[in-house]
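Visitor: Spelled out from the first residue to the last, the chains are:
There are 6 protein chains.
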Amino acid sequence: MAIDRVLTGIPGFDEIVNGGIPKRNVVLLSGGPGTGKSIFGYQYLYNGLIRNQPGVLVALEEHPVQIRLSMSQFGWDVSSYEEKGKFALVDAFTAGIGEAAKREKYVVKAPDDFQMLIDVLRTAVKDIGAERVVVDSVTTLYITKPTLARSMILQLKKVLSGLGCTSILVSQVSVTERGFGGPGVEHAADGIIRLDLDEINGELKRSIIVWKMRGTSHSMKRHSFQITDKGLIKPKEIVMVSRRISENE
Amino acid sequence: MAIDRVLTGIPGFDEIVNGGIPKRNVVLLSGGPGTGKSIFGYQYLYNGLIRNQPGVLVALEEHPVQIRLSMSQFGWDVSSYEEKGKFALVDAFTAGIGEAAKREKYVVKAPDDFQMLIDVLRTAVKDIGAERVVVDSVTTLYITKPTLARSMILQLKKVLSGLGCTSILVSQVSVTERGFGGPGVEHAADGIIRLDLDEINGELKRSIIVWKMRGTSHSMKRHSFQITDKGLIKPKEIVMVSRRISENE
Amino acid sequence: MAIDRVLTGIPGFDEIVNGGIPKRNVVLLSGGPGTGKSIFGYQYLYNGLIRNQPGVLVALEEHPVQIRLSMSQFGWDVSSYEEKGKFALVDAFTAGIGEAAKREKYVVKAPDDFQMLIDVLRTAVKDIGAERVVVDSVTTLYITKPTLARSMILQLKKVLSGLGCTSILVSQVSVTERGFGGPGVEHAADGIIRLDLDEINGELKRSIIVWKMRGTSHSMKRHSFQITDKGLIKPKEIVMVSRRISENE
Amino acid sequence: MAIDRVLTGIPGFDEIVNGGIPKRNVVLLSGGPGTGKSIFGYQYLYNGLIRNQPGVLVALEEHPVQIRLSMSQFGWDVSSYEEKGKFALVDAFTAGIGEAAKREKYVVKAPDDFQMLIDVLRTAVKDIGAERVVVDSVTTLYITKPTLARSMILQLKKVLSGLGCTSILVSQVSVTERGFGGPGVEHAADGIIRLDLDEINGELKRSIIVWKMRGTSHSMKRHSFQITDKGLIKPKEIVMVSRRISENE
Amino acid sequence: MAIDRVLTGIPGFDEIVNGGIPKRNVVLLSGGPGTGKSIFGYQYLYNGLIRNQPGVLVALEEHPVQIRLSMSQFGWDVSSYEEKGKFALVDAFTAGIGEAAKREKYVVKAPDDFQMLIDVLRTAVKDIGAERVVVDSVTTLYITKPTLARSMILQLKKVLSGLGCTSILVSQVSVTERGFGGPGVEHAADGIIRLDLDEINGELKRSIIVWKMRGTSHSMKRHSFQITDKGLIKPKEIVMVSRRISENE
Amino acid sequence: MAIDRVLTGIPGFDEIVNGGIPKRNVVLLSGGPGTGKSIFGYQYLYNGLIRNQPGVLVALEEHPVQIRLSMSQFGWDVSSYEEKGKFALVDAFTAGIGEAAKREKYVVKAPDDFQMLIDVLRTAVKDIGAERVVVDSVTTLYITKPTLARSMILQLKKVLSGLGCTSILVSQVSVTERGFGGPGVEHAADGIIRLDLDEINGELKRSIIVWKMRGTSHSMKRHSFQITDKGLIKPKEIVMVSRRISENE
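Protein chains in written order, with my numbering: chain A, 1 to 249; chain B, 1 to 249; chain C, 1 to 249; chain D, 1 to 249; chain E, 1 to 249; chain F, 1 to 249.
Here chain A stands alone, though its shape is the one from the complex:
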């Protein structure tokens, strides 16, 4: 029985996971600052929209207005999809404060109230029949209460997977951190994608590696990639970042 997969549409990435992310998987997208996590998330959602797969973006880090602007800089204009009810932005950033926020449809009035966030998210997903969800970032949810991290991830997973969505949870780690966001989070996710930005001989290099992906085999290699004005591209060559986990830790 072939499993259902969701194409990210990110040039070169779907091959890494042998044809797309298995449907209903909740995938942790982990990386330090400047590694391209948000861009990956935007690109994943936009590539869904043009394939007629509605999507929801939960915004915890940026103002919704700024996010639409950032997406448009890559040529990913979501406003027409929002109008058609194919895309929704859940505003868990502004708390509904400010003029711009008043124009948002899905607002989490108390961004610290995780149950309210879950409720608004569920409504948005149902309203537009979302097949893809990105939460940017889950780290924000538990940054001041780490002991709740695992149960939050599990709840998100229960809701999102239960509604049939294939989801990306952005996990922010410090530039010096090797992990993916802590054991409770790492083990709860169905998949882990790691984006890296490493200084090698005085030059920053980008690479991506899939650490786990439930329901499919995947490339076991580290792949280089670039960020251009088209988003992430060409993660196809292998880059050696010198035995990172096994020897240096």
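To be clear, the hints were calculated from the coordinates, so they are not data collected in a lab. Some hints could be false.
The list treats identical chains as one, so a pair stands whether inside a single copy or across any two.
What the hints assert, rightly or not - In silico DSS-like links for lysine-lysine, alpha-carbon gap of 30 Å or less:
| hint | residue 1 | residue 2 |
| --- | --- | --- |
| 1 | 230 | 84 |
| 2 | 109 | 145 |
| 3 | 230 | 158 |
| 4 | 23 | 102 |
| 5 | 105 | 158 |
| 6 | 105 | 205 |
| 7 | 145 | 205 |
Please arrange chains B, C, D, E and F on chain A, whose structure you already have, making use of the hints.
Guide: Structure of chains B, C, D, E and F alone, referenced to chain A:
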């Protein structure tokens, strides 16, 4: 006097422990995210079922429905065994909430109540005459109360060993952690199996090593293995992951 | 659509960010003691003044009088611009105590009161129509309350970006610290510039690297630079500081 | 004046300490999981019994029944010695709960009550005239109250040394820990024996080193050893585990 | 405009800072035990006295009597200067207890009361018209209250710089610590001088490096030095202590 | 003016400190378990007795009876000196409990009461006119209250130096610890002697290094030494333990 052993049936693994895990041993199966701990546990249980050795799986991380689905993807269909009373899934995940959970027979209504979990587990083991038990994962039990870890492991050991079961306790560690789950846990277990996923020259490599196993000698070597759609296979070649413990810590 | 950029005017730096910092970006300028962070900030502001772009400096570390003196030692005399209402110094250092402080126009009477600081800053920015803002340093704001770091950065960002300013937030790290000021801070900023001072073979070397910059591509290389009596200059050659992040951490 | 010594009878070990452990010494036996600490302790006691030196084992980690079984697997049958009043097992594990526990003679009803443990131990030592004592493990005594570690070791030392016993205190350390159980413990003991299990080029190697031994000179070398169905044997060749303490820490 | 400088008079050191420490700078003098920090401070003060620049020493670590004795061992007799009102020793050590203390003129009765220390220090500086001040050590001030470190340094700086003094603040770090006393302290100082004592091939080597010095350029190299019965001398050759910060951390 | 010195009489050591420890110095003797700290202390005291320099040993780690026994094993019989009032043992170990303790003259009834210890110590020093004092160990005094370490050291120094004694304070560090007992302690002492026991190529090596010694120059080299039945001897060859502090930390 030859000791009784339990065959895992995992291709290549029983040779590593000289013919199987000594009966009644409580073995810690430790590894980071994506190392194949759950698959090892499923395979161990299913290989018992086809040898007419009933088994119990305590589910703390995943929904029972998802677990049965995951097992079936490897060709391990447990539903017929459940019907015959040869396999039981102890649901310590849903708290009995949701439609699907209502169809579960062994439910821990309060997953945080360790005594209740012990009680339901004991009942399940007795009902089906379980010879094999897998707890996935014990880490979940004490993730927010580490000082209780050792006493929980000791209690599980007392119950499971006392009922004649040979058990696997899945221990989740962070991707960056060298240990097996902390001293209280490591010393309380009868055996320790470590699954590793290391990046070597830009490529992820899987390996397994048995750190201790009470009641038998065992291979002192690190073995490579793969995960295919048949589960874990062929842990037979030695892989050198460059003096991990002795030099890098 | 070409993006608006703000020229730092620092010899060699604008090339590193492909023509200047994207307008409205809030950039973290991170480095250890003695790396030239304050000088970078002064130079950025003064170069705005001579381009007719008003600027505000929030002083949390030094007495305003000392700051003007330090700037003048590089030939950057801001007093005429202050008189013309093109430059403002927000005094969040003296708490209004002392004779000299009485001559300051923008004083944060309670430097520990973040909301008061935001209010005074907003007033100063509006009064002079500031296009550039430097906060030296944000670390001072949350040094004794690290859990508030991220929300402070986010508030500053909301205010400064909302008022159309392009801002530099100085982030102090210990001489032994590899990070940029913690995950909450690193991820909230639109850009990260790192200044380094490393001892190599018994000699201190200065280098600069742009770790991320929203809205533009940027050099991925580490560049050497010098501090002279003209300020920071010539960050053009690449210096290899031996695979800093990727191998040593 | 020649000092009195106690032969461990462990093949090769007595030579390492120049003819046995000095009488009345309280020796810390430290090692990670799977290093053979308990086996060393059993072997030390049994070798005393066959030399007509009564012994006491304080069981804090395992059920007394399991311990007797484990010992018998090495051919060390203690039941006849128990009957003759030459060997005693102090049960500080079961708290007297369970059928099997009812057959134990020396039971610490409240294993958390250190004074009670001391009292029962003193009684057992006096009853059988013990010359050798093993406590497996002392770590259990203070795992949740580390600040008491030193005073507990000192009390045990006072009692055991005062009664003329030569004692082994098993100290469990994590697999990743280089120390012997903390400074308070390390300095209070009369001797320190370290058992190691290191992965070298993909293979686990056992070694033993005596770090200190009051009252005698001892080998300053690291010795390899093996565990067979006869217990620990042949610690005679030197194994180089690559300058462990001096360079890697 | 040439800046005013204060000559340390330490053979070789003034060249390192291009002609002396810029006037009014507050310089952190950081180093482990045995690196010569106090001697540097004494020498700096005595060399001021013989140049007719009055000085104050704040004694937090040693009895004033012992300090005068230690200074005299290097031929630096301060008693005549004390009599002439050119040198003052602020006793923040004895709390005024003891016969000898009764002869001290400037006593901080409650050494834990930082405001009292500031008051006594200000009085002493004004009384003798001090141009140089040494505080030995500032670490003592905040060793048990690290969160106050930065504000104490800032207050000292405000007072000392305001009174026109050029000051050395001795900062004690542990022998194993790479930093200069923590980020709050490092960034608040106008300059940082680091004294090192490193074991290289079984021999201790002394070296000095200036990490930052506001208001002047300075040598970017590490210089070796010696301590003789004349104090610190000859910091002129470069010593390579192997890329300390950049590679080993 | 030549300084007064106290000969340790330890073969080879007095040369290391250029003729003995300067009188009234309070010297920290730091090392891990098994490095010979106590033996050094005993030897220092006994060598004083045979030179007619009375001494006091403060016993915090061992029973006075055991200490006299240990000393006698090296041929250092102190009982005759005790009878003549030339040697005193301050018992801060037994709290006066036990038969043997009743025979002790100087007993600290409440070993946790630091002021009482100071009082008894002062009495003992005065009674016998002690010129040498050893405290074994000071670590015991503050092991559970580290913030008091520095003030305790300072008090001891004030008393002992004030009474004209030249003192050794034994400082216990963990086997894995590079420091000398923490910054507060390291900087308060007049001298630091470090005893090391390092495993090099599978063999334990003893070495000694003087890190600082107020009032005298000293060897800057690491010296090997041995412990025989005569105590510490022959610390004269240099041993290279591979750039311990400078590169490995």
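Visitor: Now look at each hint and say whether the structure bears it out.
Guide: Against the structure, the hints:
| no. | hint | result |
| --- | --- | --- |
| 1 | 230 / 84 | within (24 Å within a copy, 45 Å between copies) |
| 2 | 109 / 145 | both (20 Å within a copy, 25 Å between copies) |
| 3 | 230 / 158 | between (33 Å within a copy, 27 Å between copies) |
| 4 | 23 / 102 | between (34 Å within a copy, 25 Å between copies) |
| 5 | 105 / 158 | both (24 Å within a copy, 21 Å between copies) |
| 6 | 105 / 205 | neither (39 Å within a copy, 47 Å between copies) |
| 7 | 145 / 205 | neither (33 Å within a copy, 34 Å between copies) |
Hint compliance for this structure: hints 6 and 7 are not met, and every other hint is.
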